[in-house]
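Residue strings, one per chain:
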Amino acid sequence: MQTARQQDPQTLVAAVRGATKHYPGVLALDDVDFEIRRGEVRALLGKNGAGKSTLIRLLTGATLPDSGEVTIDGAALTGSGTQRTVEAARLGVSAVYQELSLIVGMSIAENLFLGRWPSSMGVLSHGDMEHQARETLARLGLKLDPRRRVATLSPAERQLVEIARVMIGEPKLVILDEPTSSLAAAEVELLFNAVRSLAAAGIAVIYVSHRMSEIRQIAEAATVMRDGKVAGTVELAGADTAEIIRLMLGRSGQEDRLVGAARGGATVLSVRDLAVPPKLAGVSFDLKCGEVLGFAGLLGSGRTELLRAIGGLDGVRAGTVLLGDKDITRGSYGERVKSGIGMTPESRKEDGIMPLLGVNENTVATDFSKVAVNGVISASRMAEAAGDIIRRIGIKTARIDTPVGTLSGGNQQKVVIGRWVYAGSRILLLDEPTRGVDVEAKSQIYAIIRQLAAEGKSIIFVSSEIEELPKVCDRVLVLKDGNFVQEFSAPGIETDALMAACL
Amino acid sequence: MSVTTTTPDRRRGFRLFALDMNEIGLIVILLLLYFGFGATTNGFLSANNHLSLLRDAASIAIAAWAVTLIIIAGEIDVSVGPMVAFTSVCLAFMLKADVNVALAILAALAIGGALGTFAGSLRAYFGVPSFVATLGLWSALRGMSFFTTNALPVTFPDNAFLDILADNIFGIPTSAIVMLVLFAIFSFVSQKTAYGRSIFAVGGNANAAELCGINVARIRVLIFTTSGVMAALAGVLLTARLGSGNAGTASGLEFDVIAAVVIGGTALSGGRGSMLGTLLGVFVITLIGNGLVLRGINPFFQEVVRGVIIVAAVLANILVTRYRERRIFGA
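Here the protein sequences come in this chain order: A and B.
Last residue of the first sequence: 503 in my numbering, with the numbers rising by one and none dropped.
Last residue of the second sequence: 331 in my numbering, with the numbers rising by one and none dropped.
In short, the hints are calculated from the structure, not lab data.
Just so you know, these numbers come straight off a predicted model, no measurement behind them.
Some clues are possibly wrong.
What the hints assert, rightly or not - Beta-carbon label-pair distances, calculated as ranges: (1) A:S270 to B:L315: 56 to 66 Å; (2) A:S347 to B:L32: 20 to 30 Å; (3) B:V128 to A:Y97: 46 to 56 Å; (4) B:V128 to A:P155: 20 to 30 Å; (5) B:I318 to A:G115: 43 to 53 Å; (6) B:L315 to A:S80: 29 to 39 Å.
A virtual CB, placed ideally from N, CA and C, is assigned to each residue, including glycine.
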C-alpha cells in the first residue's frame with residue numbers, strides 16, 4: 001500500500017522518523033514515518049483516536065516523542081517543553097486549528113500582527129501594518145479591507161484571516177485542522193483558493209479532513225492513520241473511497257454485540273422539512289417509541305444544529321416538529337422539557353454539569369418539585385430519588401452529595417443522562433454522550449441507552465464516532481450537506497457503509 | 001442493568017455543625033477581635049455596647065442576606081445604600097401626609113421591590129450587566145432622594161408602631177430580631193427550596209441550569225426583587241431609628257454589604273456561598289467598626305484599617321478555596 005516516494009532531500013519540508021509516543025494507557029503513535037515535500041498538499045485521515053492529533057503535535061513541537069526524530073526543513077527538533085514549540089515555529093511550522101483564535105473586536109490587520117504590531121519608538125504604525133496586511137491578503141487572493149473588524153466577517157472569511165495570519169511568519173509547513181467543518185458548502189471554494197495559493201508559493205500543507213470530495217479536489221495524496229500507525233499513503237488519483245475506508249477502519253472485526261432487528265413502535269416525534277440556514281435544508285424523519293435513532297455525519301454536517309432545533313434551543317426558518325400530534329415547532333425549550341423531552345449537551349463541562357453541586361442536586365435539578373413537600377425540598381426524598389438514579393444508571397460516587405466536578409467524565413455523563421431519567425422524559429436527545437469518556441464507561445453508556453429504550457423511551461443518539469453507532473442504534477440516518485442522504489436499519493448496520501455515506 | 005455500584009451513603013458523616021474551613025477561620029477571627037477589643041478597650045464589653053453592636057449589624061445584615069443570593073447567582077447589586085435612603089425618604093413623605101403606617105411601610109417595600117425588579121429585568125431580559133443596571137440605580141436613587149428633599153430631613157409626627165421598630169423587645173433591639181428571623185428564613189430558602197437551589201445552579205453553570213429546564217431569567221429577576229424589598233426594609237428600620245427620612249443616609253452601605261458577603265466566603269464568580277458565612281462576615285465588619293470607634297482611632301484612619309482587613313479576609317478566603325480545590329479536584 002505504501003507508495004514508493006523517492007524524495008529529493010532538498011525538497012523535503014518535514015520528516016518524522018520512527019516516532020513512538022505513549023500516553024498513560026494508550027500507545028498514541030507506534031513507529032510512525034511521515035514525510036512531506038515543498039508545495040505539496042497532503043490530506044491526513046483517520047478516525048478519532050487514530051493518532052492524527054499526536055502526529056500534528058509532533059510537527060508543531062507541542063509533543064516530545066518517546067523515541068524517533070522530527071526534522072523540519074533539514075534541522076532536527078532538539079528542544080523540549082515550550083522551547084520545542086518555539087523552535088518548530090522558527091523553522092516554519094504553523095497550525096490553524098478548528099477553534100478560531102481571532103479577537104473579533106479588532107481589525108483584520110491588528111489580528112494579523114497580534115502581539116507583534118509594527119511600531120516605531122513605541123508608537124504603532126497603522127499605515128505600515130495595513131500595507132503589509134493588504135499584501136498578505138493579496139497573496140492569498142483575498143479581497144478584504146484590512147481595516148474591517150473581524151466581527152463583521154463570515155466564518156469562512158475568519159478562517160481565511162487565520163490562514164493569512166500564519167502567512168505573516170513566512171511558513172514552510174501549514175497544518176489545517178478540519179478547516180471546512182464550520183463552513184457552509186459555498187464558502188469552501190474560497191478556502192480552496194487560499195490553500196492553492198499556499199501550495200503555489202512552495203508551502204507544504206497538511207490538510208486534516210474527512211470530506212472525500214474536498215480532499216480529492218485539493219490534495220494529491222492522503223496519509224491514513226489507524227491505531228497509532230500510518231496505515232498507508234495513497235495517491236488520490238488512483239484510489240477509490242472504499243479502499244481508503246478499509247485503511248481507516250482496518251479489519252479488526254466488531255467485538256461488541258450489535259443491535260438486533262428493530263421493533264416497530266408508534267411514532268412519538270415527527271420532524272418535517274426542518275430548515276435552519278445555513279446548515280440544515282429541509283430535514284425530515286420520524287422517531288418511534290422505544291427506538292434509538294442515530295445521527296451520523298462529519299464534523300460540521302449539522303448534527304448539533306439539528307438536535308438544538310429539535311430541542312427548541314435555536315429558531316427554525318421552516319418546517320414542523322410534531323410531538324405525537326402536537327405541533328411544538330414554535331414552543332420554547334422549557335415547554336418541551338415539560339412535555340417530556342430532555343437534552344444532554346455536547347460539551348459536558350460548559351453546558352452539562354453544575355460542578356460544585358452534588359450528584360443529588362445535579363440529578364433533581366430538572367424537577368425540584370418531585371422531591372419537595374409543600375415547596376420544601378425533603379432531604380430524604382432527594383436522597384431516595386438520586387439514590388435510585390445512581391443505582392439504575394450505575395453512577396460511581398463516594399457519597400450521594402459528592403460535587404459532580406470531582407467525578408470522572410463517564411460518571412458525569414451518566415449524571416447528565418440520569419437527570420432526564422429522573423424527570424421522566426420520554427424522548428432523550430443525546431449529543432455526543434460518549435465524548436471524552438473511557439472505554440469501559442462507553443460500553444456502560446451504550447448499555448444504559450439500550451436499557452432506556454427497552455423501557456419505552458425514544459432516544460436520538462448523535463455521535464462522531466461512526467463505529468459506535470451500530471452498537472447502540474436501531475436505525476442510523478446519515479447527515480450530509482444539510483440533509484439526510486442515507487438510512488441504515490439494524491440488524492446489519494455496517495461501519496464501512498456508514499463511513500462511506502458520511503464522507 | 002448489571003452495573004455494580006458502591007452504595008452511596010445517605011448522609012455525610014456525623015458532624016455537629018456543617019462548618020467549612022472558611023467559617024471556622026471567621027469564627028476564630030471574630031473571637032480574636034472580640035476578646036482583643038474586650039481586653040484593651042474601655043466600654044467594649046458593656047451591655048449597652050452589645051446592643052449597639054447588634055443594631056449596627058442589623059443595618060448591614062438585612063440587606064446582606066439578599067445580596068448573598070445575588071452574588072451566589074453570579075450577579076452583583078451596588079444600589080443598596082441609595083435604595084435604603086430613597087425608600088426611607090418615600091416612607092417619611094407618606095407618613096408626613098398621614099398615610100396609615102402599615103400601608104406606608106407596605107408601599108415602601110413595594111417601591112423597593114419594584115425598583116429591584118426593574119434592575120433584575122434589565123439583566124435577565126436585555127443582558128445589561130447587573131453591575132451597570134444597579135450602578136444606574138445607585139446614582140439615580142441617591143439623586144432622586146436629594147432632589148425631592150432638598151437635602152433636608154423629612155420629619156413626620158410621632159408614630160407608636162415605628163417606635164416599637166426603633167426600640168427593644170425583651171431588651172433586644174427590634175431590628176436585631178428582624179435580622180435573625182430573616183437569617184433563619186433566608187438560610188431555609190437557600191437550602192431547602194427549589195428557588196434557593198436554582199440560585200446555586202444558575203451561579204454554578206447558567207447554561208447547564210437552562211438545559212435542565214430551570215427558568216434562569218426568572219431567577220435572575222427574583223433575586224433583585226428580593227434585594228430591593230430587603231433594602232427597603234432596612235430603610236424602614238432606619239427611618240424608625242432616626243425619626244425622619246434622610247436623603248444622605250446609608251452612604252457607602254453597599255460596600256459594607258458586599259464586603260460582608262465576600263468575607264463570608266461567597267464567591268464573586270457565583271455558585272458558592274452561605275448565609276452563615278455572611279452572618280459571620282457582618283459581625284467581623286461590625287466589630288471592627290465599633291472597636292475602632294471606641295478606641296478613638298482617627299475616623300479617617302479607620303477607613304484605612306477597614307480596607308486592609310477586608311482585602312486580607314478575602315485573600316485568606318481565596319487561598320483556602322485554592323487549597324480545597326486542589327484537594328477535591330486533584331488539579
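For each hint given before, does the structure comply? Return the numbers of the non-compliant ones in rising order. Those not satisfied are hints 2, 3 and 5.
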